[in-house]
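Protein sequence lines, in the order shown, are assigned to chains S and L. Using our numbering, read the first sequence as starting at 1 and increasing by one per residue. Using our numbering, read the second sequence as starting at 1 and increasing by one per residue.
Just so you know, the hints here were simulated from the structure itself, not pulled from any lab data. As the structure is a prediction and not an experimental result, all values here were calculated from the model. Note that the Cβ used here is the ideal one computed from N, Cα and C, for glycine as well. Every clue listed holds true.
Computed footprint of chain S on chain L, listed as stretches where at least three residues anywhere in the stretch have a Cβ under 8 angstroms from a Cβ of chain S:
no. : segment
1   : 49 to 55
2   : 125 to 131
3   : 324 to 338
4   : 342 to 356
Number of protein chains: 2
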Amino acid sequence: MKDVTEIKGGITAPAGFLAGTIFCGVKESNTSKEDMALICSEVPAAAAGTFTTNKVKAAPVLVSMAHLRMGGKAGHVRAILANSGNANACTGPQGLESARRMCRAAAGSLGQSMRVKPREILVCSTGRIGVQLPIAKMEAAIAKLPPKLGKFSKRAAQAIMTSDSFPKEIAVQCQLGGKAVRIGGIAKGAGMIDPNMATMLSFITTDAAIAKADLQKALRASVAHSFNRITVDGDMSTNDTVLALANGRAGNKPLAWGSPQFAIFQQALDHVTASLARMIVLDGEGVSRFIDLHLTGARTEREARLAARAIANSMLVKCAWFGGDPNWGRIVDAIGYSGARIREERISIAYNGLPAVQGGMAAPTPVAKLRAIAHKKEFTISVDLGLGTGTHRIWTTDLTTKYVEFNMGE
Amino acid sequence: MKDVTEIKGGITAPAGFLAGTIFCGVKESNTSKEDMALICSEVPAAAAGTFTTNKVKAAPVLVSMAHLRMGGKAGHVRAILANSGNANACTGPQGLESARRMCRAAAGSLGQSMRVKPREILVCSTGRIGVQLPIAKMEAAIAKLPPKLGKFSKRAAQAIMTSDSFPKEIAVQCQLGGKAVRIGGIAKGAGMIDPNMATMLSFITTDAAIAKADLQKALRASVAHSFNRITVDGDMSTNDTVLALANGRAGNKPLAWGSPQFAIFQQALDHVTASLARMIVLDGEGVSRFIDLHLTGARTEREARLAARAIANSMLVKCAWFGGDPNWGRIVDAIGYSGARIREERISIAYNGLPAVQGGMAAPTPVAKLRAIAHKKEFTISVDLGLGTGTHRIWTTDLTTKYVEFNMGE
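Whenever a hint applies, use it, and build me the whole structure from the sequences.
Rendered as structure tokens:
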């Protein structure tokens, strides 16, 4: 980490990036919270994205995927437009047209100062499912957005919040070939929206010069070890999206895939995504504990993932964590039905390094010591299946009465 | 159902079956609830069983599976011995030996009046995981059990209860070739034990004459449409067991597989297992709603099951049900990540027959009408993927704050 330092400024820390926010009234309720953000690069930027693997994809996901494939000249992009309050999911052809209209409106309003095509806009929505967007109202607001652009990262982070309790932003700086390169990011959490869908969004900006294909590779690798490693309730939204823009304003020599400088850039990007992912978990609805789960010794990587996810998403395991109960029986049970190959007598489990299970049976550690760990706000659980080299790490939470109350609607 | 009538008597309704119970003090806590039951056939009985598919299997599961394979003469069995308070799971070689000692003790104590071998005893345990059984105390209690045998079905159902709020028993009668044949059953629910594992046990007796292999086929079919179709939290225990004994005392001509009489027997057995399964769901911890979920139109049976289980086990969907919120967005989302192939625009969803989703989008039914249904204690959700002929039906529940409180331990 010596090559990477945290700096202030969030998503507008990198040179040439601006953010602006506005209140459109996307939701019917009479809140006055700003519900739309525009993040814009002063020059065309290389873009990359990763999207939900849910087979039901919201309209903005489909439109952003298409725009990423096409983009403008050299596949470049100019801005990300995002709203909260309505997910524009399960909205059919009209929803698709609304997402496209958002892009046209943003291109039109930015086009007063620069040439921007609708396909150079990426679009995201988060909020209620199955309701059409109030698109006319939104178009009117988008027209007023450009004068509001500035170094307003935190306001953008706030505008995309739904049930999040705090805005999530971070920025880092690293030196690449004598040039200072910055990466910034904001995110909104896997929290519920009243009364609908959990969605995770994250937008990342950098002034590094990097080819579009390389940015995509770097983002994919980074997401695999951050946003794809967190789970609150195992439900994957129709709108989950991570977008990255790189505008080259740092003036570095374009990063070459596989070079030492690329490795530093990857390290910096990983710090941004891991920090945002951690904030999302910590801000999960009603979360009272953060568990860092290390699964080792599986026969394959796939089986390590199966076992880790079965533990992390077991309602019984999560309820025990809520109670500060180091209930390893439920963990063994979840491993047993996960689909991973096991030999019961090879399983070992430790809490913060203290053995709870050895050889598939209770370890001699006094229960009081394990209980003290399970009562902490954060702890590590290490599970070793003792069969192979497959590993998986996941960050997860407990299941609380507050979570249920939060998500029961009405 | 005209061929099948419900009668009283539970597991001791069929001729030649007796049940007895006793207090052993399996748990350390100073409860005086009876915690052991013996269900015994006066003559050798054909036996069948289905067991948890969890790869971590408790010692009594392994022993009962072995005894079912061997059995006594002609694979016959004499009794089922079951305890609550301790699951004898994750207990290694000592646990296996304890399960075998339970069988030896039961065979020995019954052997004073009849010749019984240890392998003619099936054994079950439910309760805490990872703790050795107090086997000496249990052996002493088992020795005192035979004089307590009688028509005590309800007491047996109570003795195997853990967190269940009521004993679960049923019996039916049907006519097969002019002979009255009875089937009885008891069960304990998928509820949590303080502070450990959910286990489902069910024991079924019948005085029908039926070959062991045919009983196994009938039981397997029946379980597939009852106990294997219920889910409270998606967690599958290390101890789940369904056992059936058939002693032939009704005097019917042995049932021939595929005959009309076999079909009536199957119908009667299905009524027993479905009734017990329903009682288990209704008695789930903290359950406030019972949902009958019909999934149709999947490309395959397997995909129908994937989609139905994803819906039934989604924490977000279950929280919405708790709130009486007909939140179809969460259902569509769960279908989308279930692994089933879908075409969003073909999905339809109905609550008690009222359309909520048509063509992947909100149906024109007023939300108030859907909400009124979702507020009922029991309702049906029909999901049609519109792609093929695969169907799956599942009974499930909501996720409540009480469930979390119940399962948080401490």
